[in-house]
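Visitor: Sequence lines, in order, name chains A and B. Under my numbering, the letters of the first sequence match residues 756 to 911, in that order. Under my numbering, the letters of the second sequence match residues 168 to 665, in that order.
Accuracy of the hints is not assured; some may be wrong.
[Stated by the list, open to error] Under the rule of at most 30 Å between Cα atoms (straight-line distance), these lysine-lysine pairs were calculated in the DSS-like manner:
hint, chain 1, residue 1, chain 2, residue 2
1, B, LYS464, B, LYS391
2, A, LYS757, B, LYS467
3, B, LYS467, A, LYS819
4, B, LYS462, B, LYS411
5, A, LYS832, B, LYS603
I should point out that these hints are in silico values taken from the structure, not numbers from a laboratory.
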Amino acid sequence: MKISSVKIISLLFFVLSAFYLYTAHQIQVFSFDENAPFNAKTFPIYLGYAGMFLAALKILLPEKSIEEVNHNVLDYKKVIYLVIIMIFYGLTILRVGFFLSTSIFLLLSYYFLGERRWILMLIFSFPFVALFMFLLHGALNIYLRDPLLKYLGIIG
Amino acid sequence: MIEGILIGLNTALSLKNILMVVMGCFFGTIIGMLPGLGPMTAIALMIPITYGFDPATGLILMAGVYYGAVFGGSTSSILINAPGIPGTVATSFDGYPMAQQGKAGKALAIAAYSSFAGGTIAAIFLLFAAPSLSKVSLAFRSPDYFALMVLGLTAVAAFSSKGQFLKAMMMAVLGLMLASVGQDTLSDIPRFVFNNMNLSDGISFVLVVMATFAMSEALMIILKGTDPSSAAKAISLKELGSIKLDKEETKKTLKTIPRSSIIGFIVGVLPGAGSTIASFLAYGMERNFVSKEEKEKFGKGSVHGLAAPETANNAACSGSFVPLLTLGIPGSGTTAVMLGALLGFGIQPGPRLYMTNPEIFWSVIMSMYIGMVILLILNLPLIPYIARILAVPRTFLIPMILFFSVTGIYLMSFNTFDIFLMIGIAVVATGLRLYKFPMPPLILAFVLGGLMEENLRRSLLISDGSFNFLWDRPLTAIILVFTILIVSWQAYSSLKTK
């Protein structure tokens with residue numbers, strides 16, 4: 756028997772709702788609030804039950820047509836590359852600074868998406884980020900942490 | 168009201184705000200033209216920028232983006248049969264055949280005039296309806312608000328996804344769950360923070376919108392291998408032809424505009440309906456209004472068939488501001504994003520907005536007129552030029568969307584945890600969208616979560632824990648009856664198809 760992906764997602768949602776409900780019951784409320792008609796855990800408890808109920812309906816009710824996605828035509832490789840580059844960007848933005856990390860993020864993203872026009876790639880990474888930083892830092896006075904540029908004496 | 172209009176005009180006509188409308192319309196038109204990237208993505212990308220302005224300016228900018236995106240969507244519908252947004256699908260039924268007959272310029276002109284007229288007429292309706300409705304909505308109490316929010320969520324879930332009601336409701340519950348993360352507003356008790364300090368203030372609204380729309384939209388484009396800029400490339404190469412309408416075409420357009428404006432506005436006011444339903448409904452109704460001879464032309468390049476949906480979708484945009492401005496409850500995903508942004512400014516839209524922040528209330532309405540004029544100027548002569556700007560390859564477009572999303576959230580918190588959380592939510596949202604789980608109900612629920620809990624809390628405390636408040640007041644009961652009707656209709660239609 757083949758189970759549709761939507762039913763599997765619904766099952767995951769059921770588990771998530773059950774976990775949410777369990778966590779909602781664990782919320783520590785003030786002792787004087789424990790028996791109040793409404794306290795910090797009342798609404799989450801209702802939500803947990805609602806989530807479980809809806810997910811159960813989706814799992815149990817028969818589907819009109821099974822919607823399956825053709826995974827062979829989807830480009831997972833590029834998406835995974837992009838997600839990894841974004842995580843790398845998040846890891847370096849504070850340590851390396853905005854300028855270098857953003858420029859490298861853009862350069863790598865262009866490359867992994869299949870761009871090979873290096874001059875354009877370079878223009879839309881380093882000079883583009885410098886202009887963006889100038890607008891934020893210089894014109895709008897928004898602070899951007901950048902240890903590298905600070906070390907080089909470019910920003911104060 | 169005259170005083171209010173003057174306040175609104177004074178604010179809306181300031182150089183900064185006019186500039187914001189121009190910027191918003193321009194940016195919105197560009198995003199709206201790209202198939203797959205709708206007004207919600209455009210507004211989401213704009214939110215971090217709006218926080219640098221005062222609330223009135225921020226909302227004016229977002230409203231401009233909204234109209235621009237709806238306007239831009241019609242261009243790609245007409246020229247290449249690829250609607251930028253669902254609200255312009257009906258535009259392609261007659262707009263594209265007209266373009267194929269070498270009348271692309273005329274089709275664009277009809278769309279631009281109809282959109283302008285629809286938006287302007289609806290803004291006049293809004294001018295009169297909003298203050299009156301604000302006064303009426305002062306009679307609303309917590310149980311009514313709670314019931315109205317339940318109705319709004321149910322309606323959005325019912326309309327946002329054809330035949331996917333349960334999926335949409337699951338997304339609404341997920342949105343409410345995400346909204347419950349962080350400290351309880353009344354008792355400050357931490358909920359679902361798992362000893363993580365970064366979660367104690369809750370999940371940022373901008374983060375959720377960016378992740379579920381801008382970022383997941385970009386990931387979807389890569390995943391499916393589509394190229395949204397191909398539409399723009401086709402537009403710039405196309406011969407548009409004359410944009411001048413003859414007497415007959417003008418007469419037909421003028422006949423269609425008033426009735427479609429009314430339909431569009433009414434549908435826009437209803438929670439959950441929005442521009443897509445308005446445009447389809449106006450198209451269908453127009454077909455019944457015209458002569459038998461004209462009816463035959465529908466789907467083959469009818470002027471009536473093009474003018475009706477274009478008028479209605481813009482009128483619906485103006486209409487959707489009515490529940491937002493008067494009740495503080497958004498009727499669509501797009502206005503939900505705007506509500507979230509307003510709450511970020513510390514402003515609570517609702518019946519009292521009219522009195523407490525008249526400059527916001529009136530300037531938004533006034534800026535609509537200015538926006539319509541700007542869109543008319545933008546859409547007609549500048550479309551081929553805008554299209555050229557748009558012909559940016561996706562290898563550059565996608566990294567730019569991701570860059571603005573990540574930078575937008577980083578600049579708001581300077582916290583890398585938010586970046587990772589956004590990436591995580593975007594990946595999950597992309598997976599869910601692949602299996603047609605709609606995102607607008609999630610956003611609406613996320614925005615309404617806090618208000619819904621607050622109103623339920625008050626209602627239950629007043630009624631001493633009893634759920635009698637649901638039928639004690641006739642208004643609450645009526646609203647809940649509508650909710651039950653929507654749910655029953657959904658259940659009936661799904662049983663019927665089986």
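Visitor: Work down the list of hints and note, for each, if the structure agrees.
Guide: To see whether the hints hold, each was checked on the structure:
1. LYS464(B) with LYS391(B): violated (36 Å)
2. LYS757(A) with LYS467(B): Given pair LYS757(A), LYS467(B) is violated - Cα atoms ~44 Å apart, limit 30 Å.
3. LYS467(B) with LYS819(A): violated (33 Å)
4. LYS462(B) with LYS411(B): This hinted pair holds, its Cα atoms lying about 24 Å apart.
5. LYS832(A) with LYS603(B): holds (21 Å)
Hints 1, 2, 3 from the list above are not met by this structure, while the remaining hints are.
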